[in-house]
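Colleague: Can you make the complete structure from the sequences, with help from the hints?
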Amino acid sequence: MMIGTRLAALGGVALVGALSLTACGSDDNGGGSGKPAASGDCVKSTVNAAGSSAQANAMSEWIKGYQQSCAGANVNYNASGSGAGVQAFTGGQVAFAGSDSALKPEEHGPADARCKTGKALDLPMVGGPIAIIYNLKGVDNLQLTPATIAGIFAGKIKTWNDPALAKDNSGVKLPATPIKPLHRSDDSGTTDNLTKFLLATAPDAWKFPGGKTFPAAAGGQGLKGSDGVSTGIKQGDGTIGYAELSYATNGKLQTAKVQNGAGDFSEVSSDAASKAIAGAQVSGQGNDLALTLDYKAKDGYPVVLVTYEIACEKGLPKEQADFVKSFLTYTSSQQGQSILSGLGYAPLPDSILTKVQAAVKGLS
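Mapping of the sequence shown onto mature numbering (1 follows the signal peptide of the UniProt record, and there is no 0): residues -25 to -1, 1 to 339, in sequence order.
A couple of the hints might just be wrong.
With a straight-line Cα cutoff of 30 Å, these simulated DSS-like cross-link-like pairs (lysine-lysine) come out [unchecked claim]: (1) Lys142 x Lys182; (2) Lys79 x Lys209; (3) Lys171 x Lys273; (4) Lys112 x Lys91; (5) Lys155 x Lys142; (6) Lys271 x Lys171; (7) Lys232 x Lys142; (8) Lys133 x Lys271; (9) Lys79 x Lys171; (10) Lys227 x Lys131; (11) Lys227 x Lys148; (12) Lys273 x Lys131; (13) Lys300 x Lys330; (14) Lys289 x Lys250; (15) Lys271 x Lys227; (16) Lys91 x Lys293; (17) Lys250 x Lys209; (18) Lys293 x Lys232; (19) Lys182 x Lys79; (20) Lys171 x Lys133; (21) Lys148 x Lys133; (22) Lys293 x Lys250.
Just so you know, the hints here were simulated from the structure itself, not pulled from any lab data.
Modeller: In structure tokens:
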């Protein structure tokens, strides 16, 4: 079974497909091992979902593990991007959505209305670092401060031998190659988290608002999806962009070390991201588990995101509700989370994961 976001044209047109998986009911709806129930308990139906491309590689692996025990039911996940996923959810086109950021206040009303008799919940499911990826011949182990990253993506730092880059990389010979910044052209939670990081850590250098849409005034070239950006980086010397670590790893791309709140340049990794995510605070109410991340974390790699599943607490038709509950029980289980580190993601800290498992148990 393949995920349809593996290829993207440099012009930004991604070939986004669907993920099909077999799903079943579970006797352990509180999390636990997450082992799927016997085939007789499977919900034999087809459920559509869409959204975050950041979690697409995790979703692909969840599919492989989950479908081994159950047959006769399918969920089609379209990795169309967080913005498109939320729109599809509020429009009633999908049973749940993946998003790299929690619902905005203006999004909660329509999402709650879509759930009819309940609320739309933000359920953290995948953590991970946003890698600053680049392609520069002869320069490995690049180091960047938040202010330098902001200057690059704001179009103020234009060549690789700029004094700001030279200061960050003392003793390194940097070429005069023009910098070609690449960003997401589609609405993206990855962009949302990157711009929040820049606003929090480099407000003097980043004068643009945060949000899922990369500000057009900042310039640079936009490409669709994390696949589009990573493909663009791989094909162009002098380029720099951002994507989830799994895309950098799969594409064998160069990644920069980023300075954290303690002043240390941290290498991007799942473990380093987990250290930063552990400082997140729950800002949602009840079973809504929207998180506030600490982008100034003094431990670990600071450019992180948590990608959510947006799901109805109540209000879906029973068959769909049972299906969603069953699948999210597996993804939030220790079994489901254990596969993430090997893919470049960060498993949720136990302090957050236990809350997610309790919220999933309450879905109906």
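Colleague: It remains to establish, for every hint, whether it holds in the given structure.
Modeller: For each hint, the structure was consulted:
no., hint, verdict
1, Lys142 x Lys182, "holds, 22 Å"
2, Lys79 x Lys209, "violated, 33 Å"
3, Lys171 x Lys273, "holds, 17 Å"
4, Lys112 x Lys91, "violated, 55 Å"
5, Lys155 x Lys142, "holds, 20 Å"
6, Lys271 x Lys171, "holds, 11 Å"
7, Lys232 x Lys142, "holds, 14 Å"
8, Lys133 x Lys271, "holds, 26 Å"
9, Lys79 x Lys171, "holds, 14 Å"
10, Lys227 x Lys131, "holds, 28 Å"
11, Lys227 x Lys148, "holds, 23 Å"
12, Lys273 x Lys131, "holds, 27 Å"
13, Lys300 x Lys330, "holds, 15 Å"
14, Lys289 x Lys250, "violated, 33 Å"
15, Lys271 x Lys227, "holds, 28 Å"
16, Lys91 x Lys293, "holds, 13 Å"
17, Lys250 x Lys209, "holds, 29 Å"
18, Lys293 x Lys232, "violated, 47 Å"
19, Lys182 x Lys79, "holds, 21 Å"
20, Lys171 x Lys133, "holds, 22 Å"
21, Lys148 x Lys133, "holds, 16 Å"
22, Lys293 x Lys250, "violated, 38 Å"
When each numbered hint is compared with the structure, violations occur for hints 2, 4, 14, 18 and 22.
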